[in-house]
Every structure is written in structure tokens, then in C-alpha cells.
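First to last, the protein sequences are chains A and B. Numbered according to full-length UniProt numbering, the first sequence spans residues 1 to 339. Numbered according to full-length UniProt numbering, the second sequence spans residues 1 to 324.
Hints should not be assumed to be uniformly reliable.
As the list claims (entries may be wrong) - Subject to a maximum C-alpha distance of 25 Å in a straight line, what follows is the list of computed DMTMM-like cross-link-like pairs (lysine to aspartate or glutamate):
| # | chain 1 | residue 1 | chain 2 | residue 2 |
| --- | --- | --- | --- | --- |
| 1 | A | K83 | B | E218 |
| 2 | A | K83 | A | E20 |
| 3 | A | K83 | B | D219 |
| 4 | A | K281 | A | E35 |
| 5 | A | K242 | A | D327 |
| 6 | A | K83 | B | E231 |
| 7 | B | K187 | B | D163 |
| 8 | A | K242 | A | D226 |
| 9 | A | K242 | A | E20 |
| 10 | A | K83 | B | D131 |
| 11 | A | K281 | A | E38 |
| 12 | A | K5 | A | E20 |
Just so you know, these hints were derived from the structure itself, not from any lab.
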Amino acid sequence: MPTDKPLLVVENLCVSFRTEGGVVPAVSGVSFSLERREIIGVVGESGSGKSQTLLAILGLISSPNAVVTGSVRFLGQELLGLKRRALDAVRGRQIAMIFQDPMTALTPVHTIGNQIIEQIRAHESVSRTAARKRAVDLLDAVGLPSPDSAVDRYPHQLSGGMRQRAVIAMALSCNPALLIADEPTTALDVTVQAQILELIARLRDGFGSAVILVTHDLGVVAEVADRVLVMYAGRVVEEGGKGQLFREPLHPYAWGLFGSIPPMHGPRPARLTAIPGSPPKLSQMPQGCAFGPRCTFRHEACAAQPSLGGAGGHRSACFLPQDGRQDLRRTLAARAVPA
Amino acid sequence: MLTALLSRLGQMVLVMFGISVVAFLIFFATPGADPSARIAGRNASQETLVQVRHDFGLDRPLPVQYALMMERLFISRDLTSFVNRGQRVVPTVLEAIPITLSLVLGAAVLWLLGGLIVGVIAGATRGTWLDRTLMILSLIGVSIPVFWLGEVANLVTQSRWHDSWLFSWVPPLGYIPFTEDPWGWFKALVIPWFTLATLYIGLYGRVLRASIIETMQEDFIRTARAKGIGERRVLMHHGLRTSLVAFVTMFGLDFGALVGGGALLTEVVFGLQGVGKLTYGALQTLDLPMILATVIYASFFVVMANFIVDVAFVFIDPRVRDAH
């Protein structure tokens, strides 16, 4: 297999839903690419289109009113509009997905072992015994205690963290090249969150998988991701390496996002800064830059839709001049602290 | 498991006791139900009535009468009808049971299969013309009264077209015991089976469709789809399997009620001397021993069916298994 080509290329992905009040866009023109073994973090508020983007990649948006356009190429193969049978050959085999809520993500009437075996045997011709042995090994690898007996447990007999481990084991069962994790830790206890994250970060070494990690927890991204996409109102507003993006965020929305994290060092602010206003309703998207109405630095140019631009792999969708931006950010930060 | 079984059995005895007491008391509270007058015949003299009352133990206190009746029903099994003198109640009911069981079992097989097929196909093709056609058909099936359907079936197969090649195989109305002639048993029952099953196929198909559509929105269905196992397997192995709870609950209740005499209309239309018809006759003549026997029999089946449903749940839903 060619290694120079990117693993996944998403171009101009749009997801919209037909509703009684007209067509509502959930994702508008999302483009990004992913290399092998790369971990990319996608951050954004609820409703920013993160999950819909991921579901669209695997063709998992089941609503009959959804319209998905654009292009999703996995190892050169176009996934959008693929026949179900061809898509099923990719799903679970090469791209696997971990869902947000482990409490509801597993079928309650089958043992976790059988659910893993089902996936293995759908993609590889191995005997039941061999598949079962692999299921046990996988459960062991993701750190489920006593995997020999856990394999015959039903989902309701496991705790949330154990279920998420089982879901991850299932996702890894066919050695996928790409793992898509949709807020895998949101529904878990804080201590379990850390373990699951560590597990996901280790996947790259153990299984050689690339990972798309969706979350609204910036700490999670800072910990495991190589690159970060910041999404707002269905668009990517900033993209860059984790170091760059955390050190010098370019988009005013990202400034607000990072400003809302309590600082680890220095004086404790009286109150955390919040971004004024609330995200736009998808059905009433403002003209031009969707963040405009909440942005302190809004000016005439913002009436148009900004596109992603910038140098050195660190790009943002903002009309502010590149040079003076960090000064503006510091002014904003300085304004917030003394309160 | 054993304790659960025993406690179930205890409940069953309790329920049947309660039902028999209520049936017994309702009987004595019914106006004009005085059994001695019926037994003595019309225009009997006062002395005869008193004599009859004494002979049949009807002048004793109610609890004693109840106990005596239960003793003759369950232990000596020689309880006789008040109306048809000398007719023993227990053998009569025992003779009617295979007829009703044959009718309801056959229909149950049909309606389970039919309900599953209709429900799964309609649920999987939701919103298409196939789904709509099936739903309209099942609505028609639910709406047709069973006695009307039975009479039409009789009209067609027994009279109008009986001499045509299509229905010349249909035997005259009535029951043919399986042990005597299995093929005849089948031929005599196949039309009643379809008649009785029609309503339930429609009902079960609609319920299962709704249940499947609801299940297919669940998160775990999305997980299953993401595994790349094919939509058919997602539907059957994850969607249908999880949707069966409502289906099985309904089946237990309906089956118990039908075996307990609820198939009366079908039995009457097709001349099957089953338990339903027996109960109906006993109620018309206020034949207390017969009523008690059939009511206790019916309650036994209803409670039994519930028990079987509970056991089935243990296999269908592992969450129930751990709840015990």
C-alpha cells in the first residue's frame, strides 16, 4: 500500500437536513486530511457539527431527510455514495468507530464476546473458537479485568468504563487503519476518562491506527492529539498542530475557547471569561462569518464568509490581519483577567 | 430458579383459588339462579324443592358447599352437571380440551409466523408502498369480525364452491381427533386456524413493526451498522431480537385467553365442541359445576401462559435473568 498518500481526505463535506422550516445545514464545507498513525482532535461546542461530520464519513447518518455532499476518500476510495455492501467492507474492517455513550452503544441482548466475534467473523473467515480467543485477547489488551469471564458478560453486567473498553476492543478487533472516536469519555467518570484516553493514545503504538478524536474537552485534546481542528457552527474555523494552536491560536473563537479554561499558573481570575452570546441556531445562520455576532473584533469584511487560510499548516477562517492577531488576543486576555 | 418456580406455583394456586371463589359467589348472587328449582324441574312442589336442596347439599352454608364442590371437582372427580343429570363434569372438560388446544395451537403457529413476517418486512421497508400495503391489509385483518370471516369461509368452502376442485377436500364442520386421522384433523382445522389467526396476524404485525422501528433508532443499531455486518444481520440479530419483548408478552396473554375459552366464536362457527362452547353452554343454563370447572381450567391456562412468558423472557432478555 502506498504510504505517501494521506489515509483520509475529506473535501468540502456538507451535511444538511430537510425540515419543515427549510433546509438546515449542520456541516458546511468541512475539509481536512489525515495521515497514517496521526491523531487528530476535533473540538467545538455541542451542535458545531463534529459528530455529524464523523457519522457522514462512515455513512452512518440514517435520517431519510439528510443530504450529504462533498467527498470522503479513504486510501483513494470514495466513501460517499458507496453501495452498502462495499461500505460494509470498509466499516469495522478499516474504519472503526467508538461512540459517545457506552451505556447504549452495545446491544443489550448479546454478550460482549458475541458482539466482538460477530464483527471479526463478518470480515475474516476464522473459526468461532479462533474469533473468541481473539476477543479475549482484545479485552485483555484494553485492560478489562479477567477477560476470560468478561467475554461472556452482557453489557448491563459491566460498568460504564468497562463497557467503553469493550466498545474499544470491538472497534480494534479487525486492526482498523482509522479509528473514529466520538466523545469517548464524555459519559464516563473522571478517573475512568484518563484511563480510556491513555488507552486511545496507546492504540497508535499497539495497533498502528490513526485516530480522529472528537471532544469538547480541550484538556483531552492537549493530551493526545497531534493536530487539532476547531469547529464552529458546522465549519472548521481553525486548523493546526497542537503546539501551534494551543500556543498561538489564530481565531477569535479559539481565543474565547482557550480563555474559558482556568489557568494552571499565575493569579486566579475572579471569574472565568466566557464567550458572549450563544452559538447560532442552525436554522438561522447569520450572513458571513457565523462567529461574527459574538466576536469582539467584528468589522465590515466579516459580512462575507471567510475561508481557511494561513501558512505553515496553521490555518484559520478569519479576516483579521495575520500579523497583529496575537496582540489582539493578548488585549482580550488582559481585559478579562483583572475583573 | 427452583424457588422462583415454587413461588410461581404458589401464586398460581392462589390465583385459581381466588377466581374459583369469585365464580362460585357470583353464581349464588345471580338472581333466579336457584339451582334446586332447575334440578327439581318446572312446577315442582315446595316439598320436592326442599328435598332436592337437601340431596344436593344446597341447604348447607356456602363455605361448606364450596369445599364440597372443590372436593368433588379435584379429588373424587365425580362432580355432575346440575342440568344434564349424570353428566360428569371433569371428563366433559377433558374431552373438550384437545379440540380447543388443536384450534388455538395451530392458529398460534400461523399468527406468530405471519406476525413476524409482516412486522419485519413492514418495519424494514418503512414508508415504502410495501409497508403501506401490509399495514392496510393488517388493519383490514384486525377489523374483520372473526365470526363473519368464519361464516364467509364456510359459505365458500362448505356450500357455494364446495363441489369445485378448489374446496372439495374440505370435510364437513366438526372436529376429527388427531389420533384417529391426522390428515383429517389437519383438513378439518386448517380453515378455522386461518380464520382465528387473521386478527392476530394483523395485530402482531403492527405491534412488531412499531417496536422494530423504535429499536432501529437506538444507539446500538448505529454501533452494529458501524461494524460492517450487513443490514440484514443488523435488522435480524440486533433489531428484531431486541424488539421481541412486546411480541412475546402479547402472545402469552392472548394464547392463555384463547385456550381458556376465548376462541368461542371460532368454535361456534366451525362446530367445534371446545372449551369455549362448553363454557358458553354452561353459562346459558347456569350449570354451576360446569361453570366452575371451565373457569378454573381457563384461569389455569392464563396463569400458565403468563408463567411461560416469564420463562421466555429469561431467554430473550438477559437483563431479566439478573433481576431475579
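Hints, verified against the model:
1. A:K83 x B:E218: 23 Å, holds
2. A:K83 x A:E20: 29 Å, violated
3. A:K83 x B:D219: Between A:K83 and B:D219 the Cα gap is close to 22 Å, so the pair holds against 25 Å.
4. A:K281 x A:E35: 33 Å, violated
5. A:K242 x A:D327: 20 Å, holds
6. A:K83 x B:E231: Given that 25 Å is the threshold and the Cα spacing comes to 12 Å, the pair holds.
7. B:K187 x B:D163: 16 Å, holds
8. A:K242 x A:D226: Holds, at roughly 6 Å.
9. A:K242 x A:E20: Violated. A:K242 to A:E20 sits at ~40 Å, over the 25 Å cutoff.
10. A:K83 x B:D131: 23 Å, holds
11. A:K281 x A:E38: 33 Å, violated
12. A:K5 x A:E20: Not OK: A:K5 and A:E20 at ~42 Å, beyond 25 Å, violated.
The structure does not agree with the numbered hints 2, 4, 9, 11, 12 stated previously, though it agrees with the rest.
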